[in-house]
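We have chain A already, so just place chain B on it with the hints.
Chains as they are written, first to last, in my numbering: chain A, 216 to 825; chain B, 596 to 885.
It should be emphasised that the hints constitute simulated quantities derived from the structure, not laboratory data. Treat the numbers as computed from the prediction; the structure is a model and nothing was measured. Glycine included, C-beta positions come from ideal geometry on N, C-alpha and C. Worth double-checking, as some hints may not be accurate.
[Said to hold, decoys possible] Here are some, though not all, of the chain A residues that point toward chain B, as calculated from beta-carbon distances under 8 Å: (1) I336; (2) V503; (3) V504; (4) G590; (5) N679.
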Amino acid sequence: MTLRKLTLLALLLVFAALPFFDGIGGYWLHVLNLAWIAAIAALGVTIATGMTGLIVLGQAAVMGVGAYTTALAMMLLAWPWWVALGAALLLSAAVGVALGLLSMRIKGHYLAIVTLALNEIFRLVALNESWLTGGPMGLRDIPGSDWGFPGPDADHRLYLPIFLLMVAAYALALRLYRRKPGRQMRAVRDDELAAESMGVDSRAIQVQAFVLCSVFGALAGGLYALMNGFISPNNFLIIESIKIILMSVLGGLGSIGGTLLGAAAITILPEALRDLQLFYMAAFGLGVVIILLVAPRGLGVVADWLLAPWLPLAEHERQPEGILSISGARPGPAGAGAAASGPAAAAGAVLRLAAPAADAPVLMSVRGIAKHFGGIYALQDVGFDLREGEILGLIGPNGSGKSTFVNVCSGVVRPDAGRITLGGTDITGLPAWKIHRLGVSRIFQNVRLWESMTVLENVMLAWNGEGRGARYEREARDAALRALEDMGVAFLANRRAGDLSFGQSRMVELARAMVTRPRLLLLDEPAAGLRGGLVMELADTLQRLRAQGTSILVIEHRIKLVMAMCDRVVVLNLGQAIAEGPPARIQADPQVIEAYLGERAGYDFEARTA
Amino acid sequence: MLGQIIISGLAMGAIYALVAIGYAFVWNTMAIVNFAAGEFVTFAAYIFVATFITALGFPFVVAVLASAVLMALLGAVFTRVVFARLQNQRPLVAIISTVAVGIFLKEMARILYGPEPLMYAGPLGTASFTVMGVAIEWQHVLILGVVLALTLLQTVALKKTLAGKIMRAVAIDRDTAVLMGIPVQKVLAGAFAYASVLSALAGILLAPLFFVTTEMGSLVGLKAFIAMIIGGFGSIPGAILGGLILGVGENIGAYMISATYKDAIAFVFLLIFLVIRPEGILPERTADRA
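Just chain A, same shape as in the assembly (with noise of 0.2 Å):
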């Protein structure tokens, strides 16, 4: 660790010391310099596409932006430069805030043919607006900047300021990495139903995602625009934006650190193959084919080694408990032994604590909810009252409703009527982030965790104590550990949660539910898919659970399993609650078994007799 750093420490010397040595001549130097600006705005696309997903082919139009302003203001207002390169940094924070709203309604595919769009739209005004622009020829002699170092010309003057501003360029993205607004973009990327769930603003997510990407790309623009004294739309084009998208693919996609080496080799390599330049774009266009087939992360392998030692790392090697360390044979002495067993059997069988009296105050409050898709109705009218310290089965037979109702209750789906208080607060139709922050959680029917993550990052994520900064970061990492410990899988916090089995990352889904402490937990089918031993554990679990507060609405299938945990029994059959009761009268009303058997066969054969 301190070797990788001294190293960097010495890299990082030896490069701005660059311009005060004779043997380097004034091409590579601006070669250099052209690649520290290629990396400023590449690292903005691996803010906005790497980490966040959002996919930008534009980003040579947003440094036009930047490039243009900067120039203009400075040519025609006769601004000092660093007015100049202020106020296009705040026209491009107005670009991102624009592009991030429009990124809500437009996704993907969609989101790349627009930023391409705007790119050549870009173009077009920067060509055909002569009176401002210059119109093909561009703008020339644009005034130089005074930043205080001295040199011969533009690139020696402006050589340690490029540099250093790329340094604090890629200080900040690694920073942003690390900590809660990093992790919320991976997550958004990762899974957004499930990061809305937990918690996160998506829409403040990606428009903040745009702004950062846009700021980069105009920083670039302007600096390039000081340095190079002309520009001209050939600067900006289409082939450009994708240049800069290359770069941070090179670097492996979303790591920071590739992302600079990328910048570094796609703009260097050209120069140092002049020889080639004919075949050099074909062999690019092949090479990052290849790459992106056979080593999807790149330089990111040797960049995140080398130039982000502060990272948090997934552990990739395999467990050294190996496959024993799920079926809960062995109780290891640091509490790792398995998924669920761990504190849990050591503590022997958890007392049941009684369920709450029927006079216990109501924590949700269900109306007349009703929700259809097209002309199908997947619920009707649903209404129930689930108290405090309740553990309150939903179930009933596949189709009739009860995913659509978590749905509901968590904000994922906005039901068509009804109305669903939580301790007195109306919470219909808020939004997923919003339930989350008022103390609901929940676990999804098929695991969802963000796979690309680690199980750590994971439940840290979805703390949602206040504060920022040094401090919510240790707070975060010790509530997320603690919440790891108690369902008896911390010992797993580094891994990445895409490498987990599937009864690990349930229980790991269970923590990072937990890990707020909630009311309300939503669970839809926690036991599907886990083997047997496990299934039954998750009753003392819930139990557990519930010593800690949290009342529990759970959608089971499993009659035994749904008689062990709940206090009372919410039955729904297409779309409507058809009986509420304790398990054992459930069991034997004779709606709910013809709704999950069918009506009686000497009934029916009756009835189409007579």
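Only chain B this time, still in chain A's reference frame:
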């Protein structure tokens, strides 16, 4: 004047429609958008004009067939080597890979045929005839005729032939198709080869209207994609309708508003449609896969 504008707009729109149908085929079978489609147009135009017509001196029809066969082969090979591997990737990876394939094709055209634009008059030249005061170029009639015939043939083939039915089955449900013993990988290669042939036709039909350059297909590819979005993502009738609307709208807009911003009009169309009717005019039932 307006009549002429509409006719030439329809012809250009028919070209967009050809490429857009290709997008729809690839999207329905492989669920990727081929951002290299425009470069397939470019490459086909070069092969047709420089190799088969100029260098080898083939007659027009033979050269068309030879180009189509060659592009189909190229498409099938690219599917096997690249595109089929992209299906399980995130959209971002697929988009960037196809963009990179486009760069490769465009640069190969430059390496093989040089940077100078080629001129090709075509068998019809700029001859035209006049109907009710509207001068109509024969090349435009040819384009519209080819696209009309192709659309009809394709509709019949998809409905009546076994190959068409297999193609539709794969588009509706890949997994089931595999279970029924359909060689899905071959079908994908076939669908992509067909899309490449459509691009090749677009390139051949465009060659007499523009100079053949390495850039000629890029904007056509983009606008055809816009045509597909306007018509309905993945819908074949939508692709045709979207292409024609875009071609005519672009021409009228250039005439009424500004000729210098002709290329921007398509993008403004796109933004308007994405805000007002993002699912397109004739949405495909499964368009939510976008």
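Here's how the hints hold up against the structure:
Taking 8 Å as the C-beta cut-off, the interface hint given for I336 (chain A) holds, the closest approach to chain B being about 5 Å. Checking V503 (chain A) against chain B by beta carbon gives a least distance of about 4 Å; that is within 8 Å, so the hint holds. Contact between V504 (chain A) and chain B, as hinted, is supported at the beta carbon level, the nearest pair being about 5 Å apart and thus within 8 Å. Using the Cβ-Cβ criterion of 8 Å, the hint placing G590 (chain A) at the interface with chain B is not satisfied: the shortest such distance is roughly 15 Å.
Interface restraint check for N679 (chain A): the shortest CB-CB distance to chain B comes to about 28 Å, outside 8 Å, so the restraint is violated.
The earlier numbered hints that this structure contradicts are 4, 5.
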